[in-house]
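K.L.:
One-letter residues, chain by chain:
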Amino acid sequence: MGNCCERLGPQKNTYMRVSLPAVCFVWQIAMIVLFGVFIRYDKESDAHWVEYKHKNNLTDLENDFYFRYPSFQDVHVMIFVGFGFLMTFLKRYSYGGVGFNFLIASFGLQWALLMQGWFHSLDLDTGKIYIGVENIINADFCCAGSLIAFGALLGKVSPVQLMVVTLFGVTLFAVEEYIILDLLHCRDAGGSMVIHCFGGYYGLAISWVLYRPNLHQSKHLHGSNYQSDLFAMIGTLFLWMFWPSFNGAISYHGDGQHRAFINTYIALASSVLTAVALSSMFHKRGKLDMVHIQNATLAGAVTMGTSAEFMITPYGSLIVGFCMGIISTFGYVFVTPFLEKTLKLQDTCGIHNLHAVPGMLGGFLGAVVAAAANEDVYGKEGLINVFDKEGKYANRGMGTQGGYQAAGTCVSIAFGLVGGAIVEGLILKIPIWGDAADDHCFDDEAYWELPEEEEEILPPVLEYNNHMTHKSQDIAESSFCAEQC
Amino acid sequence: MGNCCERLGPQKNTYMRVSLPAVCFVWQIAMIVLFGVFIRYDKESDAHWVEYKHKNNLTDLENDFYFRYPSFQDVHVMIFVGFGFLMTFLKRYSYGGVGFNFLIASFGLQWALLMQGWFHSLDLDTGKIYIGVENIINADFCCAGSLIAFGALLGKVSPVQLMVVTLFGVTLFAVEEYIILDLLHCRDAGGSMVIHCFGGYYGLAISWVLYRPNLHQSKHLHGSNYQSDLFAMIGTLFLWMFWPSFNGAISYHGDGQHRAFINTYIALASSVLTAVALSSMFHKRGKLDMVHIQNATLAGAVTMGTSAEFMITPYGSLIVGFCMGIISTFGYVFVTPFLEKTLKLQDTCGIHNLHAVPGMLGGFLGAVVAAAANEDVYGKEGLINVFDKEGKYANRGMGTQGGYQAAGTCVSIAFGLVGGAIVEGLILKIPIWGDAADDHCFDDEAYWELPEEEEEILPPVLEYNNHMTHKSQDIAESSFCAEQC
Amino acid sequence: MGNCCERLGPQKNTYMRVSLPAVCFVWQIAMIVLFGVFIRYDKESDAHWVEYKHKNNLTDLENDFYFRYPSFQDVHVMIFVGFGFLMTFLKRYSYGGVGFNFLIASFGLQWALLMQGWFHSLDLDTGKIYIGVENIINADFCCAGSLIAFGALLGKVSPVQLMVVTLFGVTLFAVEEYIILDLLHCRDAGGSMVIHCFGGYYGLAISWVLYRPNLHQSKHLHGSNYQSDLFAMIGTLFLWMFWPSFNGAISYHGDGQHRAFINTYIALASSVLTAVALSSMFHKRGKLDMVHIQNATLAGAVTMGTSAEFMITPYGSLIVGFCMGIISTFGYVFVTPFLEKTLKLQDTCGIHNLHAVPGMLGGFLGAVVAAAANEDVYGKEGLINVFDKEGKYANRGMGTQGGYQAAGTCVSIAFGLVGGAIVEGLILKIPIWGDAADDHCFDDEAYWELPEEEEEILPPVLEYNNHMTHKSQDIAESSFCAEQC
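Residue numbers (the working numbering), protein chains in the order written: chain A, 1 to 485; chain B, 1 to 485; chain C, 1 to 485.
Hints may contain errors.
To be verified - DSS-like cross-link-like pairs, simulated, lysine-lysine; straight-line CA separation at most 30 Å:
1) A:Lys55 x B:Lys392
2) A:Lys53 x C:Lys344
3) A:Lys219 x C:Lys284
4) B:Lys43 x A:Lys380
5) C:Lys55 x A:Lys55
6) C:Lys284 x C:Lys341
7) A:Lys389 x B:Lys43
8) A:Lys53 x B:Lys53
9) C:Lys128 x B:Lys380
10) B:Lys392 x B:Lys43
11) A:Lys389 x B:Lys55
12) C:Lys43 x B:Lys380
13) A:Lys380 x B:Lys53
14) B:Lys389 x C:Lys43
15) C:Lys392 x A:Lys55
16) A:Lys389 x B:Lys53
17) B:Lys43 x C:Lys53
18) C:Lys128 x C:Lys55
19) B:Lys389 x C:Lys53
20) B:Lys53 x A:Lys43
To be verified - Residues of chain A clear of chain B, computed beta-carbon distances all greater than 12 Å:
21) Ser121
22) Leu122
23) Val175
24) Arg259
25) Gly325
26) Pro337
27) Lys341
28) Val386
29) Ala407
What the hints assert, rightly or not - Derived list of chain B stretches under chain C, where covered just means 3 residues or more per stretch with a C-beta under 8 Å from a C-beta of chain C:
30) 16–26
31) 91–99
32) 161–174
33) 191–201
34) 252–265
Hints in this document: simulated from the structure, not taken from any laboratory. A virtual CB, placed ideally from N, CA and C, is assigned to each residue, including glycine.
Chain A extracted, bound-state conformation (with noise of 0.2 Å):
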């Protein structure tokens, strides 16, 4: 059998019965322990909030609860059907694209609670972090991040490398977060920089570190079916409703809720228009690609990350969808194939042009917009309250404020292309990681138990004609090998 597996090239072996339950159990245990040290309720959802409610007058509706939960269950909603399903689209590797954004999603979380409450909840006091609905909101944004470089790893990486991807990228957003929030004070409450910047750059990063020279060897695999495209819609239509909850989940109470939200809703109807026209323009009989629709038809959301919550004014919005429209659906027909040509960078869901540019170009405009903010546009406590005025900050100006938030886009950049390139670049080209052969990439066969659907739809064939078929031959003869290799 040397034979067959010198054909097959250097084997890799994927092979994950020890290091990924000891990967889950061994982090899930130190997350106990540090919950157990850290981790407490906040006054909103402790049982004392009846009496800190009646010594404050207050009432059970002013629990910030009511406020954010209805637009938490949209961004979780977001996290993983959202994410997970827009990653179904390979016609093999669908398990692995909800599946696996389930499994990191769901450490990432944790770990992110933990992260986050150290740099921005911990009391110092009791140096315990309490957390309540806006930290649990936060964490999901957390783990977004991540869910962000996943796409661009899809199918190349195992579900272990995975998890140190998303360990180190909760620890890295909470870090430039922190710089960028509170260090620069930037206003960013969609996460176009903290979010879709870095997450995009940190993913772009660890791709082009792990490029795969043979990739094309598992060409056949690289692609969607019509079954897989339809799921991955699900995905993207959950995304796009909802994402006007995710600008808005953490921006200031009333107007700021209700600002995000209208601005994102009408960028987000703009974007569709433009890529669709776009992506019939881009097709020599002018047909669209279900690529465009699922992805391109979400950037303007991204780019109003930032400057959803301030007053860029109806318009201003649809202008900002119209363009993301264009350049998202440019960058996959030409930047992405570009890319992967002279950068060696290879992007399997395009992040580069769904989350890299338009959170990069975002934080740029939420620098202008910023910039542009005045006390006629805003009312004098407006400003404010939405730039969040207050204490030594109260007397910066709008075009500081604007130097600053084009400068935490800067770190949101840095973050993501040192740290991903560096830290992670480093690490997962240990080979200990069970990631797959260049020729068995984008299949499902690796991680999962599959059910036997040849056999069901092929029998009269395989029966009748008692000879297999070529490719199965080779998928038979290949999976025979891994298993003497």
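Given the structure of chain A, go ahead and fit chains B and C onto it with the hints provided.
P.N.:
Positioned in the frame of chain A, the structure of chains B and C alone reads:
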């Protein structure tokens, strides 16, 4: 190749590379300009809210956003996932179902914000339309009218035609809504009249004008398969679950929203049982038909649209659902085939049985329930509240109100039929819109770049038997012709 | 043809054309009559609310609708999409899974409004049941018990049998709920005891009575395929995401709902990691099994049902999720096969591992957590609030409360086992219900008009080779027999 082209009959050109991008770009740019001129944030979504709030001694919770946003998101899911996936039931037109739904709703909601704004929310002093969450919900509602019409046309028209249908659909909607709600002062929270009745007859009228005598040529594509029916169930269930929010989304705060939700919830449950019963009764071996489960189970909610906020009583709602499950299933089994034979009416999704008739009945039901309203049942203040008996309508008797409700229903039917037939019929018959030929209807091939699935499933046969099937040959030949012709 | 019938064994008649419509009509009419006699709007959904509000100086926001509606819609999605799509995992019984779930939940919620109303909300003066959003949530909860039982029976019973299972399931549910919540004064916001434990053992008892010794005859249909497992993931994810709302939906306003949500969210995240770990460990090549991902990831939330509103602490929730992911996966791998061999218990969905055992453990966990509660942790008012220590229960010690909680769990097990075995077992064994023969289980063919899919995929083979496959011949023959016999 002249021969083959003749054999295929008069070829229609589905080439969209110019027309579709042109329509999307021109209309989207027009939207931006019109939004720039007219649309502004209302006082609850403007940054001045904080000042307004303090001046009027309000809390953030009294921002309408918190009353209506959860219902809005449910409505939004109904429009994009509900309608979208319900229309994936055709085995080879699922992309078109969910994709074109996405496109036209995204355009429609922008145009609706303008049209409804001019008719309902235009501030005559400033010449501006001030928008907030309620306008956004109404825009989604307005799209629903055109999406219903799309149901009758599914698979038979081009995306450009659908954009035209939506442009006029939204326009007509805004006018009839103005007449019914403002001039006649009808109540119609869930839109039995203004949405379903109008949308249904509008779609049927267009479908009647666009009659295709040789549609049987694409009969082999005009059906579902096991997977596509499951995808459609996603649509059905999200419509079914969230319809209580639909009927209560713009009802008045407090008991209005609460009651609209309870009545719709109850009516829907009842529809399911009678739809199942009739589906089984009408099959010679008592089997259930997915078409009925996907559609007739929803009919009760359509009919409850007008009455949901009235004191129709819980058992009244059950009776409505009971009857509508029967009427709608009966319609799918007998009326649709009858209409196709006698009236030459091709109604792909059977909107006649799910929207047109139930909507009309809902309008008349609302008239009866309104006429029967009295102070005993509603309370003095309650009656004023429910029927908005203020200003010049304070003294309108309930019998009169019932009469106006009935008149409103007739207005919606007239707008649907006449508007659809004349305006649309004349415009859409111009042979420039790129609709598919009769033998290429219900086929995503015409407008979508499809993944190469056929090859994936059938290689063994094709490779070994070394001959192509009749069907494959036909497809290959006809697409070759299409390129040549 | 006598021969063929004999060969197929004792034929069962799946002809439903009389029985299913009869059951639906009779029961629906009974519902209408009983609703007419008993059910009215409560004060918050009645048009008199506006007067009540003014009299009591309330605002519309204090209408319970605004506290509970967002959670309700999440629960509603869990019942219809969550349970429904989770049960589509069988490759040829997906219609039955989602369709019968739809049918019996629609009936069950009506019957639940009555049964729960009589036991909990009956106004003895007027003899009426006054319903609002909380009753509606409870009705959905009550259905859940019967839907869980459906999980054990999936593919083996007729829709008429399921209606009977639901009729008795809801009835038993209302009684045990009355005993546990009212007589024993237990707390069980998320229903570990009253929903999952009861529903689980109820289903297992019925399944045990209906044991089919020759079920292996339909073994070829008793499995999933690549698509059906993806559809099932839709169910899993919506259950997973919205379970925090489930456990908090009827908890008390303020910190109760807030804490129930946080605890469940955290427990679920932890379950995912241990379920993945064990799934990989138990496979000889370390591969993941979709069955575990679809089910065991949810076990933590089931067990948190009772304790979610208690001060179990965030790390306590993590530990619960950790253990349940392990126990549930272990159950799928070892216990279910063991039970089938030794106890003759056929449990299609493995509800033993997802509902029965986790629910029971949740009940006992709740007892322990309640017994450990004290004023230090909860605050004086908090303790009263959480455990509803009012009236005659004001002086019940926490240890006693724990004892009652444990007793409540035993009541739910007893009701499930005895109720399921005796009542249902006796009734359902009467051979009039139209359940499928052993070799036709797990087949939608019996109850659904299926699209002609086989032809669509395989025509080339069938056409050219001009012979039918063994499998197709069997199907054709057996259905021919079925028609003859």
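K.L.:
Hints broken by the structure, by number, lowest first?
P.N.:
Going through the list in order, the structure violates hints 1, 2, 24, 25, 28, 30, 31, 32 and 33 and respects the others.
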